[in-house]
Amino acid sequence: MSGVQTDSCDREFDAMGARIRIMIGLPVEPGLPSPEEAADAAERFMRDFDRRLSRFRPDSELTAMNEYPGTEMPASVLLRTAVKAGVWAARRSGGLVDPTLLDEIEASGYRRSRAGRAGIPVHEALRSAPDRKPASADGARRWAGFSVDDEQGVIRRPAGLKFDSGGIGKGLAADLVAESLAGYSRFMISCGGDIRIGGQAPDRSPYEILVQHPASGRRPHRLRLRSGGIATSGLDVRSWRRGDGSPAHHLLDPSTGEPCWSGLIGATARGRTALEAETLAKVALLSGPDGARKILSAFGGLIVHEDNRSEPVGLTPVALHLSRNNPAETRAAA
Amino acid sequence: MTTEPIRPARRRKPSPQAVIAVSVTLFFGTFGFLTLQLSRGGDPALGARAASRPDATGATRLAVPPGSGLAGSGAATKPAPVVTASS
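Residue numbers (this note's numbering), protein chains in the order written: chain A, 1 to 334; chain B, 335 to 421.
Quick caveat, the hints were computed from the structure, so don't treat them as lab data.
Only a predicted model underlies this, so the values are computations on that prediction, with no experimental measurement involved.
Keep in mind that a hint or two might mislead.
What the hints assert, rightly or not - Sample of chain B residues lacking proximity to chain A, with all beta carbon distances greater than 10 angstroms (derived): (1) 355; (2) 360; (3) 364; (4) 421.
What the hints assert, rightly or not - Derived CB-CB ranges, DEER-like: (5) B/368 to A/91: 46 to 54 angstroms; (6) A/307 to B/362: 37 to 45 angstroms; (7) B/362 to A/258: 40 to 48 angstroms; (8) A/56 to B/360: 53 to 61 angstroms; (9) A/36 to B/368: 31 to 39 angstroms; (10) B/346 to A/91: 56 to 64 angstroms; (11) B/357 to A/123: 48 to 56 angstroms.
Note that the Cβ used here is the ideal one computed from N, Cα and C, for glycine as well.
So here's chain B without its partners, still in its complex pose (with noise of 0.2 angstroms):
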């Protein structure tokens, strides 16, 4: 009895269409996603976590006072812009 050897499968190549396809699609999505972050003001870059404490002074916490409650009404509807200048 004779046993052929076993040889690897042969794996298919995908074609150069299909690498170019996934290629522009995980570009572009990865773009709109990184878009849709900037627009909505939430650069990366900086980082919610790394921007929710100084991190230079060891700062003193505030004394606030006491107090409770939600705020009364009178909300904005839309924020005023606020400005950096000279300062």
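One chain only, chain A, in its complex shape (with noise of 0.2 angstroms):
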């Protein structure tokens, strides 16, 4: 049966200072929206969580909540939903994944969008990097004095504490939509690469996902996922020289607010939703080769090394396909 084997609507646009892509097949539930109509609702959604959530935009929800001197604020649903995400991906990562960097992000050279700027190439920041370490969290877990109330729909936070979304709010805005299309046969939605999949249709297809290597840009590794999230974390963006020539990137230690070098280059998890799996990808490359071994052999997922190596964590033979040999689905990314 056609439905399920595809989609009826294939959307691309940007927002987020990344590619999105909407993927729907058809409905199953009755009275849903057409999946062109689903879309339109999603793209407007993803719009609507970029201009309120991004710390780049000074009349956003989240630079007004950054820039308020008390302790108690009202705040939307959404910036409660990406707080409590927030939150939950430090928790989760045991303080890895640090919402709480703003000022350190903004000292290391990243104060506005880098959307669309090519990052400095990963070997060449490689030669002129600090000693490789795994990174550790910070032992003041500033990030717990987030606290949300839905009934009073205040976030509290001690005074002067920032929030920034960067680290999880593509696969947050991925994991929303998807509660939107879960009437559907199926469905994928990718922020910028991080990708949850999911649909109602127990036959139906999967969507074959490509891994990108974060050196030389080629996609060697595929997989087939029919549910779930699929999110890479890499030094090839996000990565600029700092006044002093020194390379830095988007991802920091949380216990020296410095770019971490972990001798990983990229990461790839498979998580139960994207929110997990961005949280992963990047607690893998945060942790260096033997702490991502252990953080992805939950779910799977795939480590580069600096030698641009690719390793294969959790993951079968049979669900990691293997095919350097087709150059059409190796071609380097445009």
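Both chains are given apart, each in its own frame, so use the hints to dock them into the complex.
So, in structure tokens, the structure goes:
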């Protein structure tokens, strides 16, 4: 039956500083909007999410919260949801994915959106990077100072503590859109490569996911997924040189507030949701090879070492197809 | 009149060949089933039920506009591959 094998809608657009792609099958439950209408709603939601939760917009709700001098402020459902997701990710990662490092990332040189701007080549950055060391959590656990009260509709936090949605935003957005698509035969939402897949048809065919190598841009690995999340984190994007010429990137070691050079240049993780996959991918990259193997063993993933070697973790040879000989599938990202 | 003590019926021990044959059949049956599931993208470690809702945030539902009907034509014959990359 073609309805569960294919998608009726395949939409792409730019938002949240990334390329968004939404694929939707057929409605299974009665009364649902058509896939095109559902994609319209999802696109509007993504743009609204970006407008309200971007730290780069002076008029966003997130910026307003970060500049608010008090300790308790009214907040929309969306902002409360984002703060809860950030605290969840911090707890899930033992504090490695820390949403309170806004001052540190800005001090490191990331003050404006880097969407569409090329990072410095990975191996050029590695040549002048500091000694390799896995990241560790900040013992102060500042993220635990955030609390959300949905009954009162407020967020509480110590005065001056800022929140950065950068580490969880794309995965969260994919998961929220996924909720609205639960009644369709199948769906896929990709926010810049942080992906959520699902659907209601029990015999739906899986999506093929190609994993892009952070240094070569090639796509040598392929996974087939019918549900869950998958996300990739790497040093090939959102990297820059500081005033003193030293390389920097967006993945900070919470214990130092400085970019982390762990011995890995990329990590791909599977998870039950896109948010979980995004969190696990970041934790794996920050933890270095030994830590990453332990973290990814739960749901599977892939790490990429500094010598460009890819190492599957917790994925069976059946789940992970090597397709090195197919140039059409391993072509570099344009 | 004498009675003979009731002896429990002697159970026949299965032959080693039978044990091996059953074990091998069970192993390859299970392995084959799991292989088929994985090759179709259904990893039992993730589970469709567990993945059906984000478990993390108690997230809000999207307000989707009212509409009706099935989608129009134009369905792709084969889904294009999707790429996960650093973001």
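For each hint, the structure was consulted:
Its beta-carbon lying about 26 angstroms from the closest one in chain A, residue 355 of chain B satisfies the requirement of being farther than 10 angstroms from that chain. Annotated as non-interface, residue 360 of chain B keeps its C-beta farther than 10 angstroms from every C-beta of chain A; the closest such distance is 19 angstroms. A cut-off of 10 angstroms between C-beta atoms confirms that residue 364 of chain B is not in contact with chain A; the least separation is 14 angstroms. Distance to chain A contradicts residue 421 of chain B as a non-interface residue, since its nearest Cβ pair spans about 3 angstroms, not more than 10 angstroms.
The given range of 46 to 54 angstroms is broken by residue 368 of chain B and residue 91 of chain A, whose C-beta atoms sit roughly 32 angstroms from each other. For the pair residue 307 of chain A and residue 362 of chain B, the supplied restraint of 37 to 45 angstroms holds, since their beta-carbon distance comes to about 38 angstroms. Between residue 362 of chain B and residue 258 of chain A, the C-beta spacing of about 53 angstroms breaks the proposed range 40 to 48 angstroms. Residue 56 of chain A and residue 360 of chain B have their C-beta atoms about 58 angstroms apart, which keeps the hinted 53 to 61 angstroms range intact.
Checked against the hint of 31 to 39 angstroms, the pair residue 36 of chain A and residue 368 of chain B passes, with Cβ atoms roughly 38 angstroms apart. With their beta carbons about 58 angstroms apart, residue 346 of chain B and residue 91 of chain A fall inside the hinted range of 56 to 64 angstroms. A hinted range of 48 to 56 angstroms for the beta carbons of residue 357 of chain B and residue 123 of chain A is consistent with their spacing of about 51 angstroms.
Consistency note: the structure conflicts with the earlier hints numbered 4, 5 and 7.
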